[in-house]
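Student: Residues per chain, in single letters:
Protein chains: 2
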Amino acid sequence: MAPSSALSTVSVIRSDVDRELSVFCADHRGRLLEIGDELAPAMDALETMVSGGKRLRPTFAYWGWRGAGGADRDERMIRAASSLEFLQACALVHDDVIDNSDTRRGLPATHRRMAKMHADQGWSGDSEGFGQGAAILIGDLCLAWSDEMYQASGFAPDTLQRGRVPFDAMRTEVMAGQYLDTLEQVRGTATREAALRVMRYKSAKYTVERPLHLGAALADRYEELAGVYTDYGIPLGIAFQLRDDLLGVFGDPTTTGKPAGDDLREGKRTLIVAETLERSGSADAERFRELLGAPDLSVASVEWMCSLIETSGALAACESLVEDYAGQALAATEHPELADDARGPLRDLVVAATRRSH
Amino acid sequence: MAPSSALSTVSVIRSDVDRELSVFCADHRGRLLEIGDELAPAMDALETMVSGGKRLRPTFAYWGWRGAGGADRDERMIRAASSLEFLQACALVHDDVIDNSDTRRGLPATHRRMAKMHADQGWSGDSEGFGQGAAILIGDLCLAWSDEMYQASGFAPDTLQRGRVPFDAMRTEVMAGQYLDTLEQVRGTATREAALRVMRYKSAKYTVERPLHLGAALADRYEELAGVYTDYGIPLGIAFQLRDDLLGVFGDPTTTGKPAGDDLREGKRTLIVAETLERSGSADAERFRELLGAPDLSVASVEWMCSLIETSGALAACESLVEDYAGQALAATEHPELADDARGPLRDLVVAATRRSH
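Chains as they are written, first to last, in our numbering: chain Z, 25 to 382; chain D, 25 to 382.
Just chain Z, same shape as in the assembly (with noise of 0.2 Å):
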């Protein structure tokens, strides 16, 4: 089974989803054009930035909510758990703001979506400061709109108050871990615990712990869950990003991937680097560390750094750790207090999200 099916078997929510975000969109364009006119390239953007990616945000909170047996496709649940795509939009728009980066599946960024407007209209001023400023109101807005359409799921107000916790603590906790990864970039920290922090604030509690949380809460059953959601969060979460790092070096074996080399050239401080420089002898480590985010880094420097993260046997220790963690997360879902027939699904989900292409 390829992995995008075995996603979209567990996705069942899927299509409910992009119903819900459309309704929700339909409705504040309408309230935005009553503002202005002028507004409709804006919500255009907007909309682009929650029309598409794997919604695995939305997923997990789903089958957080059936683990702790919400009922099947509960429209609230559905509701409460697209709002979280809304999120994901502010965290991509601002993210490729602070990045500078030109693409975003395959279209171009908001901000440079922005500047080509304003370079087209021949408007005065810089097209690209009025392109940055003009995404960051993109992301205000849906990082607000999240919490209006979480507030607007259709949960009794006492039972969303109880989802505040983990729909809360998400939020700062994904902000707080983008600012750590940024100031590991400028600093140069490469160490595993640097890396394994960002992972787990950025990636393993933002997409996999809290979403699950909150389907809990929802479903009034936080305090039995939590505990369970986060041995199977945190591990997959991590085994998950440490999945994603891998591709993103070596490259997808499947035609659709990223090309291989992709974050040496961006410099990122990946835990595979972290464990490379480590691995490595000081001449090596200090070679691969000059190399690191070299803009023009050649094919032969590419090949060079891959495979010194082979020899050094950095590449076997992630996959190693890999296997671990989606273990870890695997054994979380023989916990007695989990629903029966999300027991498949979530174990589908760990398979899914920790093969060997996307």
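Hints were generated in silico from the structure; no laboratory data involved. Beta carbons: idealized from backbone N, C-alpha and C, even for Gly. Warning: the hint list may mix true and false statements.
[To be verified] Each pair of labels, with its calculated beta carbon distance range:
no., chain 1, residue 1, chain 2, residue 2, range
1, D, 131, Z, 124, 37 to 45 Å
2, D, 212, Z, 331, 51 to 59 Å
3, D, 54, Z, 124, 27 to 35 Å
The hints should help you fit chain D onto chain Z, whose structure is shown.
Tutor: Just chain D, lined up with the frame of chain Z:
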């Protein structure tokens, strides 16, 4: 009576707001430092942004509550009102990035402060870029914490849900207003209608009307008072912004004010500019347009522009608009639905917000 003391007379909750924000920040500083000690400078920068300012939005929210019969200095209302300061902090931090502003309230803007830290530490990469990225994330934290503080204010979940209508509208409107403002600057639009629309959304609804609506909704009297507060809040908000714009051109006669001509150098498309252009001959209008926003604008040019604003009749028209709008707001305080003990403070707020020095 000096205007600042007039404002403080009605800002009886100012020290309560300061206290509630300090309590919230102390708690959230602890949460951030648990994630990583390196988050301390970001938290310091964030706390600086919520420590200053006139507390206008909490003040209007509080008097909206009192005008709806809400209890004197209700702690829940003070917390809900204080949460608006986090929204304002997000708006300021992000606006300063968007406008590339150097200072805010006499201190370095957040992105400049964070850029300086990067430079002082000798970290790798671009200090400006790091500062902007950090400021985007600090603003995001403020935006997330605004609704977190609102939801944790202590009102019953049902009551909070009622307040979401103005709370949510306020956020969408200020972001849309800021986008339109950015758009007007680059398009060089300078019509009365465009300037009034930006003032309506970015100032009047955001600063006055929606906070009043929030207070009324939390007192469960939104239906009865929404119209009264709109009749009061929109004209007062426009008058307040117009007074601020006049001070931005002609300077503040008190010693603490802005330097004269500041807004002309920045090229702001205010109503004063629109009135001047629409009331001047084409040669004068063209020269005014060319000078507007020139970074090296001479003192002589500023003087010429100020004299055109006067001789064209734009100054008198704007002063007269401030009077008219203030009069409309004062008239709205006569409405029988308003609680009697709020009439005086609501009238004082009109006087304080629209007089010739701030």
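Student: Are there hints from earlier that the structure breaks, and if so, what are their numbers?
Tutor: 1
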